[in-house]
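Q: Residue numbers (the working numbering), protein chains in the order written: chain A, 881 to 1046; chain Z, 10 to 157.
I should point out that these hints are in silico values taken from the structure, not numbers from a laboratory.
Be a bit skeptical, because a hint or two may be false.
[Stated by the list, open to error] Examples of chain Z residues toward chain A, derived with CB under 7 angstroms:
id, residue
1, 18
2, 21
3, 23
4, 24
5, 25
6, 29
7, 30
8, 124
9, 126
10, 127
11, 131
12, 134
13, 136
Yeah, the Cβ is synthetic: ideal placement off N, Cα and C, and Gly gets one too.
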Amino acid sequence: MSAEDTPKDYSESPINLEYFYTAGSATTRFLNQVKEGNIVGQACPKCKAVYVPPRGSCPRCGVATDIEVPLTDKGCIESFTVVHIPIPGNPIVPPYVCAMIRLDGANISFLHLIQEVDIEQIRIGMRIQAVWKPKEEWTHSLENIKWFAPIDEPDIDVATLRFQEL
Amino acid sequence: MSDSKDLLRAPFELAYNYKRSNGPVMSKFFEALGEQKILGTKNSAGKVFSPAAEFDPETHESLKEIVEVGPGGAVESFSWIETPQHHHLIKEPFAFALIKLDGADTCMLHMVANCNEADLSIGSRVTANWSEVQEQRITDIKFFALEK
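Same shape as in the complex, but just chain A (with noise of 0.2 angstroms):
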C-alpha cells in the first residue's frame, strides 16, 4: 500500500475534561431554592440591581449581593438565537430557539430554551412562563425547568430591557 494512493486524511482525537465543580455560596443557596423549585435572585444592598443566577456580588459596586429576592417564573425573551445547525451529541432537534431570558425583577438574563413557540413569531419582548419538569425529578439545576413556552400576555416594552445606569 502507497501511503500516496490512500492518504489519511483525518484522525479521530477526542478530548475528554472530568472536573469537579463547587458551587460558591451564593450559588448554593440558589441552587437549594431551584430544587424546592423556586427561583431565587440576590439583590445589591447598593444599586438595588437584581441578579439571578446570582453570583454572590454586585459587579457594578463590588459588594456582596446578601439580600435574596423570590422571584416569579414568568419574564420576557431578551434575546434569542434560532439554531439550525445540530450539534453532535446534542438531543435536541434544530430548529430550535435558545433566548436570554429576563425574569420580571430582574435585571440580568440567563440563557434557556424556548418551546412550544411558532418560530415566525418570535420576538424581542415576548412574554413567556417556565415549564418545569415533574416535581419528582427535581434537581439541583436549572434543568428542572424543561423549557420556557410563550405566555398570552402582552408584549414588555423593549427600552425597559436596556442597560439601566445608576
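Add chain Z to chain A, keeping to what the hints say.
A: This is chain Z only, laid out in the frame that chain A set:
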C-alpha cells in the same frame, strides 16, 4: 454564609469527539505507523524531524522528503509515573519520555514501560513495541521498552 462543607459540588465531564485533519505529511506518518514503520521528514540541511513535521520550525522550509527512522532510539529525558491515573493508557508504573529515534534529530514524546525506574536513565536505549491492532494512530506504538 454557608460552611464550605455545605457547598454543592458535582462532577462534570467536558468531551469533544472531533476529527483532526492530518495534512499531507502527517497523513503519511500515521499511515506508516499502521505498517509498523516510523517516518520522519528531512530538511535541506539534512536534519530529520520525527514525528514528521510539515515545516521546519526554524527556517519555515516546507518539508517533503520522507525518511524512515527508528524503531530504536535513546531516551533524552523522562518523567516517571509511579501511580498511573485512570486516564493513563498503561496501568503499571511507566515513564513519559522524549525519545530520539535512530536517524532522527528531534525527539518523540511517548511512553517507556516494562521496566523499573532504576533501570531507566538519560541515554537508555529503547525500542518500539507495537500494539496488537494498528489504527494509524500514535498509539499504534504501544510503548517503548528497554533494548535487550
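Q: Next, verify each hint and record whether it holds.
A: Structure-based check of all given hints:
| no. | hint | result |
| --- | --- | --- |
| 1 | 18 | 5 angstroms, holds |
| 2 | 21 | 5 angstroms, holds |
| 3 | 23 | 4 angstroms, holds |
| 4 | 24 | 5 angstroms, holds |
| 5 | 25 | 5 angstroms, holds |
| 6 | 29 | 4 angstroms, holds |
| 7 | 30 | 6 angstroms, holds |
| 8 | 124 | 28 angstroms, violated |
| 9 | 126 | 27 angstroms, violated |
| 10 | 127 | 33 angstroms, violated |
| 11 | 131 | 31 angstroms, violated |
| 12 | 134 | 28 angstroms, violated |
| 13 | 136 | 23 angstroms, violated |
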